[in-house]
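**Student:** So the sequences go chain by chain: E and Y. Just so you know, the first sequence maps onto residues 0 to 305 in numbering that gives the first Met the number 0. Just so you know, the second sequence maps onto residues 0 to 396 in numbering that gives the first Met the number 0.
No wet-lab data here; the hints were simulated from the structure. Being a predicted model, the structure only gives us computed values, none of them experimental. Just so it is clear, CB atoms sit at the ideal spot from N, CA and C, and this is done for glycine as well. Some hints here could point you the wrong way.
[What the hints assert, rightly or not] Partial list, computed: chain Y residues near chain E (C-beta under 10 Å):
{"hint": "1", "residue": "L4"}
{"hint": "2", "residue": "S60"}
{"hint": "3", "residue": "G75"}
{"hint": "4", "residue": "I202"}
{"hint": "5", "residue": "A327"}
[Claimed, not checked] Counterexamples of contact, computed for chain Y against chain E with all Cβ distances above 10 Å:
{"hint": "6", "residue": "P49"}
{"hint": "7", "residue": "E59"}
{"hint": "8", "residue": "V67"}
{"hint": "9", "residue": "A76"}
{"hint": "10", "residue": "G343"}
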Amino acid sequence: MSEAPAVGTSGIPCREECLLRPGNTNCGGCGMSVGLRFLGEALAEAGQRCSLVIPACCGIVTAGAFPTTSYGVPVVASTFASAPAVASGMASVRDLNGETDQVICWAGDGGTYDIGLATLSAAAERNENIIYVCYDNEIYGNTGGQRSSATPPGARTATTPSGKPEQKKDIVAVMAAHGVPYAATLSIAHPEDFRRKLRTALRLEGMRFLLMHSPCPTGWKSEPGESVELVRLAVASGLFPLYEVRDGERYRINVEPDGTDPLEYFKRQRRFDLGRIDIDEVRQACRRRIERLRALSERFPIGAEA
Amino acid sequence: MPLELVTGNHAAGHSLAVAGEANRSARGVVCGIYPITPQTEIVEFVARFPFTKGRVVPVESEHSAMGVAIGGSVAGARAFTASSSNGLAYMAENVMVAGFYRLPIVMVAVNRTLGPPWNIWVDQGDTLMLRDFPWIQLYCESNQEVADTTLLAFRLAEDHRILLPALVAMDAFIVSHTQTETDLAPQELVDRYLPPLELPHRIRPDDPRTIGGLAWPAESLSMRVEFDEAMQRVPEVYEEAREAFLDLFGRDPGAAVQPFACDDADAVLVATGTIATTAREVVRRRRERGERVGLIKMKMFRPFPADELVRLLEGADRVGVLDRNYAAGIGGVFGHDLKAAMQGRRDDLLVQDYLTGVCGGDVTPEMIDSVLDDLLERASAGRPVWVGVEAPEEARK
Numbered sequence: 000m001s002e003a004p005a006v007g008t009s010g011i012p013c014r015e016e017c018l019l020r021p022g023n024t025n026c027g028g029c030g031m032s033v034g035l036r037f038l039g040e041a042l043a044e045a046g047q048r049c050s051l052v053i054p055a056c057c058g059i060v061t062a063g064a065f066p067t068t069s070y071g072v073p074v075v076a077s078t079f080a081s082a083p084a085v086a087s088g089m090a091s092v093r094d095l096n097g098e099t100d101q102v103i104c105w106a107g108d109g110g111t112y113d114i115g116l117a118t119l120s121a122a123a124e125r126n127e128n129i130i131y132v133c134y135d136n137e138i139y140g141n142t143g144g145q146r147s148s149a150t151p152p153g154a155r156t157a158t159t160p161s162g163k164p165e166q167k168k169d170i171v172a173v174m175a176a177h178g179v180p181y182a183a184t185l186s187i188a189h190p191e192d193f194r195r196k197l198r199t200a201l202r203l204e205g206m207r208f209l210l211m212h213s214p215c216p217t218g219w220k221s222e223p224g225e226s227v228e229l230v231r232l233a234v235a236s237g238l239f240p241l242y243e244v245r246d247g248e249r250y251r252i253n254v255e256p257d258g259t260d261p262l263e264y265f266k267r268q269r270r271f272d273l274g275r276i277d278i279d280e281v282r283q284a285c286r287r288r289i290e291r292l293r294a295l296s297e298r299f300p301i302g303a304e305a
Numbered sequence: 000m001p002l003e004l005v006t007g008n009h010a011a012g013h014s015l016a017v018a019g020e021a022n023r024s025a026r027g028v029v030c031g032i033y034p035i036t037p038q039t040e041i042v043e044f045v046a047r048f049p050f051t052k053g054r055v056v057p058v059e060s061e062h063s064a065m066g067v068a069i070g071g072s073v074a075g076a077r078a079f080t081a082s083s084s085n086g087l088a089y090m091a092e093n094v095m096v097a098g099f100y101r102l103p104i105v106m107v108a109v110n111r112t113l114g115p116p117w118n119i120w121v122d123q124g125d126t127l128m129l130r131d132f133p134w135i136q137l138y139c140e141s142n143q144e145v146a147d148t149t150l151l152a153f154r155l156a157e158d159h160r161i162l163l164p165a166l167v168a169m170d171a172f173i174v175s176h177t178q179t180e181t182d183l184a185p186q187e188l189v190d191r192y193l194p195p196l197e198l199p200h201r202i203r204p205d206d207p208r209t210i211g212g213l214a215w216p217a218e219s220l221s222m223r224v225e226f227d228e229a230m231q232r233v234p235e236v237y238e239e240a241r242e243a244f245l246d247l248f249g250r251d252p253g254a255a256v257q258p259f260a261c262d263d264a265d266a267v268l269v270a271t272g273t274i275a276t277t278a279r280e281v282v283r284r285r286r287e288r289g290e291r292v293g294l295i296k297m298k299m300f301r302p303f304p305a306d307e308l309v310r311l312l313e314g315a316d317r318v319g320v321l322d323r324n325y326a327a328g329i330g331g332v333f334g335h336d337l338k339a340a341m342q343g344r345r346d347d348l349l350v351q352d353y354l355t356g357v358c359g360g361d362v363t364p365e366m367i368d369s370v371l372d373d374l375l376e377r378a379s380a381g382r383p384v385w386v387g388v389e390a391p392e393e394a395r396k
């Protein structure tokens, strides 16, 4: 729509170059909004265009209601479990026609860890030439906050009122085990690392999987203004390590935990009942995880050139 | 054109492949494939075909097979898939999406009994489960009809007055695995019959729009109304596509509704798929004995060709519908829809439903004779009649 109005109905300028336009209805403090902004900037910087495939999740609600859209790029809504399959079809046509636009899936943890996992796994196994971004808010946010397999242990949700008893699924390990060209974790508290990984993903071909820790003040029962600080605490404490995996076999830790106690992260979200969390167990789990990633990074490093 | 001895599956696979190849100068062709007996040969055929500009994606499920077709179509390619039975049930969510997105995807479905119990033989319950889904549905009787209808389906679906997906159905094994001499369309004629696809609503990266996001009730409703208008145009455009096919290939791919000896018939049978072949022979024999009986083969089920049926049944006072399906608590789907279509237009017409060959049993001439005997003796319609059911004690032996 080249003749799109310069000013939207809200009076806010519609910046066509924005992936996520002003005037969308996302909640304050939503990590996904920030992630979309970073993605839009990275695409602009790389001079690349994209189409998005978004399954059922907050990300498609973000588009707003017909006939308007908050996205500055074409978006195809897919059924909950289908985003990677629909993207495979779109990317096939793009490749058949020698086009270079990125086809990017933008999905929540429900569509990624749970209902869409078989589809995602199959697309990874076929090494489809797509980028898949999971904004992980660790909850089925769009349906009002039920557990997902990304929900961390101890978190109270609408379907785990006493706190989730199970561990969080390690989706990056699952994806890396497919041997995909690129798998990495992202945090909006570390924008330079975030942008560098987007640049890497945009440069590579094949299946690229990015997992973004995405604060959800509604579901996390946290203050919108603390969203960035919360995910910063998750990185600093080792709860959400920032690392990347090449071809499923070479590792690099991007931000080392600085010794911050994970307790800080839990204290600032009312979704956790501190009395029910075994904080010593959490500390040990964080330590074991980062030690394992360190060992992998030292033994099987990603070279500086990559 | 040389005749080849091929199965119905091979005929369908050939037509899908040459239809896809006919799009080589446009955006290409994309096919999502997943095997299920008795459809498997179709996707294997397509997977082996050397498309000039195409990609066949072997996915992990029927749900994703239709997902790939949706992605391919929305990006402007000709797109298709094939499935059967429980595969269609698993695919159903995306079948619906393809329809309401107005994507002219063609799917060949081999009618097979839905399980449980596990049963691979013919029954139309699978595609008729999708009866209220936004797809054109066409039922074929022979390998040749499958080959021709598959090509016609693309022309019909892609017509800009229509832009709806189309399902082409055939009977498991009786058609899918039986070899008959079939005239397979050569590429150069298919190239003329199917112009390169130009999908008006395909996505373009410089044209931001969200397809399938939230719409309020009023907007959703207007889309449904537009959809219904497109559905209503199908019979007319079907006839055009049929005539064009006849002109080019010298063969009639078959009308949407095909009458046989109906002109002065008092009693008419309605049949679909291969049952129509057997019923036609039974009707022919009884005509020779002077009985005023006829047959209507229903090829088009969606949209339901009510006007044409009313016209063809004008002189008849009774109809027996041979339904190879069972809708729980109702009886047969075709019979049920026929009754609904006649209401208020032919309230004097006796419509009796016969459940024949459900779950894959043979439908013999003797069974159809017994159906006609029953139909001719009736004073009024009754509950759907199960035909060919062994006594339960017998079945257990």
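**Student:** For each hint, tell me whether it holds in the structure or not.
**Tutor:** Status of each hint after checking the structure:
no.: 1; hint: L4; verdict: violated, 34 Å
no.: 2; hint: S60; verdict: holds, 7 Å
no.: 3; hint: G75; verdict: holds, 6 Å
no.: 4; hint: I202; verdict: holds, 4 Å
no.: 5; hint: A327; verdict: violated, 26 Å
no.: 6; hint: P49; verdict: holds, 14 Å
no.: 7; hint: E59; verdict: violated, 4 Å
no.: 8; hint: V67; verdict: violated, 4 Å
no.: 9; hint: A76; verdict: violated, 5 Å
no.: 10; hint: G343; verdict: holds, 36 Å
Checked against the numbered hints given earlier, the structure breaks hints 1, 5, 7, 8, 9 and satisfies all the rest.
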